[in-house]
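Chemist: Can you make the complete structure from the sequences, with help from the hints?
Protein chains: 4
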Amino acid sequence: MAGSTFGTLFRVTTAGESHGPGNVCIVDGCPPGMELSAEDLIPDLQRRKPGQSRIVSPRKEDDTPEILSGVFEGRTTGTPIAILIRNEDQRSQDYGDIKDKYRPGHADYTFDAKFGLRDYRGGGRSSARETTVRVAAAAIAKKLLRLTHGIEVVGYVDQVGELRATGIKPEEVTLEQVEANPVRCPDADMAAKMEELITDVRKRQDSIGGASTIVATNVPAGWGEPVFDKLKADLGKAMFSLPAVMGVEYGQGFGVATARGTEHCDTFVPDADKAPPIGTDTNRHGGMLGGISSGLPIVLRCAVKPTSSIPQDRPTVDRNGKPTTIATRGRHDPCLLPRFVPMGEAMMALVLADHMLRQRAIHTADQSG
Amino acid sequence: MAGSTFGTLFRVTTAGESHGPGNVCIVDGCPPGMELSAEDLIPDLQRRKPGQSRIVSPRKEDDTPEILSGVFEGRTTGTPIAILIRNEDQRSQDYGDIKDKYRPGHADYTFDAKFGLRDYRGGGRSSARETTVRVAAAAIAKKLLRLTHGIEVVGYVDQVGELRATGIKPEEVTLEQVEANPVRCPDADMAAKMEELITDVRKRQDSIGGASTIVATNVPAGWGEPVFDKLKADLGKAMFSLPAVMGVEYGQGFGVATARGTEHCDTFVPDADKAPPIGTDTNRHGGMLGGISSGLPIVLRCAVKPTSSIPQDRPTVDRNGKPTTIATRGRHDPCLLPRFVPMGEAMMALVLADHMLRQRAIHTADQSG
Amino acid sequence: MAGSTFGTLFRVTTAGESHGPGNVCIVDGCPPGMELSAEDLIPDLQRRKPGQSRIVSPRKEDDTPEILSGVFEGRTTGTPIAILIRNEDQRSQDYGDIKDKYRPGHADYTFDAKFGLRDYRGGGRSSARETTVRVAAAAIAKKLLRLTHGIEVVGYVDQVGELRATGIKPEEVTLEQVEANPVRCPDADMAAKMEELITDVRKRQDSIGGASTIVATNVPAGWGEPVFDKLKADLGKAMFSLPAVMGVEYGQGFGVATARGTEHCDTFVPDADKAPPIGTDTNRHGGMLGGISSGLPIVLRCAVKPTSSIPQDRPTVDRNGKPTTIATRGRHDPCLLPRFVPMGEAMMALVLADHMLRQRAIHTADQSG
Amino acid sequence: MAGSTFGTLFRVTTAGESHGPGNVCIVDGCPPGMELSAEDLIPDLQRRKPGQSRIVSPRKEDDTPEILSGVFEGRTTGTPIAILIRNEDQRSQDYGDIKDKYRPGHADYTFDAKFGLRDYRGGGRSSARETTVRVAAAAIAKKLLRLTHGIEVVGYVDQVGELRATGIKPEEVTLEQVEANPVRCPDADMAAKMEELITDVRKRQDSIGGASTIVATNVPAGWGEPVFDKLKADLGKAMFSLPAVMGVEYGQGFGVATARGTEHCDTFVPDADKAPPIGTDTNRHGGMLGGISSGLPIVLRCAVKPTSSIPQDRPTVDRNGKPTTIATRGRHDPCLLPRFVPMGEAMMALVLADHMLRQRAIHTADQSG
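Chains as they are written, first to last, in the numbering used here: chain Z, 8 to 376; chain S, 8 to 376; chain E, 8 to 376; chain P, 8 to 376.
Hint data in this document are derived by calculation from the structure and do not stem from the laboratory. Misleading hints may appear alongside valid ones.
Pairs involving identical chains hold if they fit within one copy or between any two copies, as the list cannot separate such chains.
What the hints assert, rightly or not - Here are the computed lysine-lysine pairs in the PhoX-like style, where the Cα-Cα straight-line distance is at most 25 angstroms:
no. : residue 1 : residue 2
1   : Lys281    : Lys108
2   : Lys106    : Lys281
3   : Lys329    : Lys281
4   : Lys281    : Lys56
5   : Lys200    : Lys106
6   : Lys210    : Lys281
7   : Lys176    : Lys108
8   : Lys56     : Lys329
Modeler: Structure representation (structure tokens):
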């Protein structure tokens, strides 16, 4: 229980189900004095929501956020910021079938095993609908990171099924490139092929997996706490807390399994652009060494499974373990990746904002006596 | 700061450096009445320590644990259990060179960037020496899991460089199979090849990466907390908190990126051996759905980078950013994987013990009125 | 920062200001299956709100709670319960004067010192308005405690100024007795005198302090965690987190300072009504020994200062430290005590619900092997 | 469970029993670069230990602390500092009688009720012996507070039984005055009377209660977090986490119950010595308004009960609830107050160090854009 709070100093608590009255988050710990309005939350909510293009779910969600507290005369006050996003397009009738049957790949069964009952409308609490307020909370974190350190957090799709875009340089990708196509793959040629593949999969009443890379640039060296709260540990938790993420890797990632030390380790070199003036010539380490940021871009990659909601009849069991079949006929994404991008960015931004504040508490010499 | 505590109810706090007086952990939250003595901690400490075979570091560490509290007349009392493991084989002179130079791939630079100074003997706090007390703490967790639920946590090496053992069935691997060879790969033929490869790499004064799978069997359905403290999220954090881990994946892992929904989703089937009598026919989901345990074995896999300590001269910079060279001539593992196994098991056991207690707090119907 | 969350397993996070859009709480960790509706929250909200009688503030607050999540088909689901209470009667014009002047006894100055700016409408975040959602959250805790253990949490006023009701037996006070008069003092004669005194103080444009006792009956022996999370420690934090509380004492309280050990210590006696069949003959210890519940009623008493809002001109300084005068002409309680009672009960209930769940995690013998 | 950790950023975890091998604490979050050695911990440990004078317990405890980690070349490194204090004078035979009988006023019964078993040697985990490592940890906090802000935390005894020293000005008391007599009452005449009273009580084989005031000077305005982590809330928890504390009050304390608002509220006045140049003319508020420090001295007072260990036969029950008698013949303090002083100071220092770091994370304008 009590697993709906994330972060130590920049702390987000969420509540809400897919088909209840709405989703709420409380962002506690945002420093005071930062300009903020509901407008700041809209762009990422727009990127996250369904119905943006023909390759994502045609559901309509308005996702209009209301800031209920913590902002006064256009600035944050340092007190908790509550954000409410009401659920509007709730066609509960779409979901009646899943009351007693367990959808393959979904959390229906495990929620019942855990709680003994569940809100079976949509995925209830296990629905990705819950991530709306994470994205809203993270818009605040992103703004804070940008204003204080010029940090940009940008994600993109680099794989859909067998199609993998291998030539992208993570640290050079811009939001504009990502938003230039509905797949959110900055390689335009590959994006076109991916879109075609997703369309094909949807026609076959199937779904498809993929991968997304999330990058943060301008993170100073020194963030992250040994030994359990390493930046890579907290980012790992953050990413795996998102629905459908089955793998996370940093820098060279699983490629290290076949690497020799002499080829993996990046070489420290002078870098006048940094303070201290030290960098590495390459970034196979993904921007963290010993779990602490190195000043190089933070680069991680998430494997995202194919949507479990598929409009074909499939075998399953009911609550009593009796065999039956089920098809999920709602309006669902054939590929989660395009809408995953803002969610992945959100979780990275929340972790970075938290560690920024944690590092602030330490980064001063005045106790040296 | 304050990143040395892990867990909510079964909570471990560690302290210690590689070349200071010793490492300590405090295990808070172990239920009372469980038989426990220092003997229980020895086997996994033996598995973790260097000097076990010719393919791991020849350093000698005695790793004799002393239980300082929390056990009375051979049983846990419910109060915190402190464990002290003194450092004995501290050849500090091996490490003098790294005071002012940054070793590639190590945390020397990032610790300096974070703290402004560092204990430069060995890796100090960033050394894997710190994991001794995690392994000791986890021996308690393992015992608790075994006694209460028959849970077994077993890890093994399935990849060293290009050599990957693909035929192993994770849920069938036994501790005996793992311990049958120094590589800790239960596929004996592959283990022999891996050993040869590691020996070759060491001769070339290089190091090599690999991967390890960690499995927990008999975990009941229902453990893990939506939405941030999902079991997969806490396990992800746990694994990434270990040194050198660059990737973590569950079940089908990164393979989901190329999968279709119809092929990825495991099918729910009746399973009379379980309570409730429900299972899945396959385990591509890795034992968790919606981040909550499904009753199937928990299966995860970690990518571990090649040891950064290599006894060759390599270019780097000093504290002032001035180019220089460094070789790490200490006694180091050419391949971290064999000794990673007990560390990976340890972190999984700590997470499971914590979530077992968290689930105990909820799993009762007496509030239903 | 991040100080708006309370509790480990039964965890409440709040947000909201007195004159913003509303106050919100998220109750995370309530076990599933408990009947719950917004109706359950109303009675205590009614007791807390202003305008109930002529001795409390005539402000009107409707305090209609909306449950936004965590309840499905009339039962809790185990997922977080968000509650929204909108602010309705916001006469901001009443407060314009305090933008630049510091009201004596209020948090205006310390909020400015902390945050550099503040929401100066009403007390903003420091207003007791914030406690509405604590009271709503605690109504859930109270119901849980009642259903699972028959625990009742009841508070009452035992002192207003010089008037102290000394003959009340804490463990025998009922909610009905407390609600029988507007002062919430179960001694009817004393209540009448207290009401007269408060009326007199109000006419003099002054305010007056007092004290309130909060009692929990039927708490089983064994709740509370050594050494920092003792029940008395967590209750102490809980009470001191309420506005205006300047002192907290348990059982004999400050009376222990003049006591001898032979007279203070309660004697253990057989008590067939308890399990185990052990009690004490008296309850000077206030229901906790070593900070852990003893099975006797939990009894604590809070000293509450006189309202700082007084409609007389008083000297103060402005933001620049320049002397000036201020009068607080809003609609304020001349004595906080009557409305403090449900707030004190609320905080006790939140602590007990949390420790009930914490004890559930430990109270089983199945690890004894 | 898991109640042995205290603090958010400056975090202390303790373990240990009175008659086990020793007590340990891990101080996580101390900033790097501060000079520190075991010598720094000795003075307060000396003040806490028994055997200092004829009015405290004649037990001998050597209390030699060993720093096991977190300090390198005489300075803190920012990594956790583990401190071990071994138990030496363990006359377990003194305590055999309490295995099956419950000592009145002690935690024997409640520990059994909680855990089902207990370390019955001495008080085990409930013994005040556990506070040794809190005092050691707090010596680090005190040094940090002194070096960074010139903060001094000083406590003293102001009441023993009926003898109350009422003329002491809390903010003017010095450590030297406190240490000038064995009672630790800075009023020398009163101290002599108190000593006489304690001696008399001891001769009568009884014990006596009292009260202690703890003061922190030079705490800047702005520390403490609304709404649950108010400075007064965290200090309240801290004090009540100490054994034998039955009441805590700030500033005017329980005196507010009889006060009128016009007389209680301190008046804001210009104060050129402060930044911002604002203070109050008096300090009835105890240095906190809205739970946030005001720049005035933090002043709190604790009521401490008489020692429960009394060498007279007293009625009680055994584990089965059967009536019997018990006398506690060990070497115990007839009055806890003199040795309480360093414990109270310790807990205040730990809270202040934590909130200092929390405020550092917020107190900057660079997010104002």
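Chemist: For each hint given before, does the structure comply? Return the numbers of the non-compliant ones in rising order.
Modeler: 4, 5, 6, 7, 8
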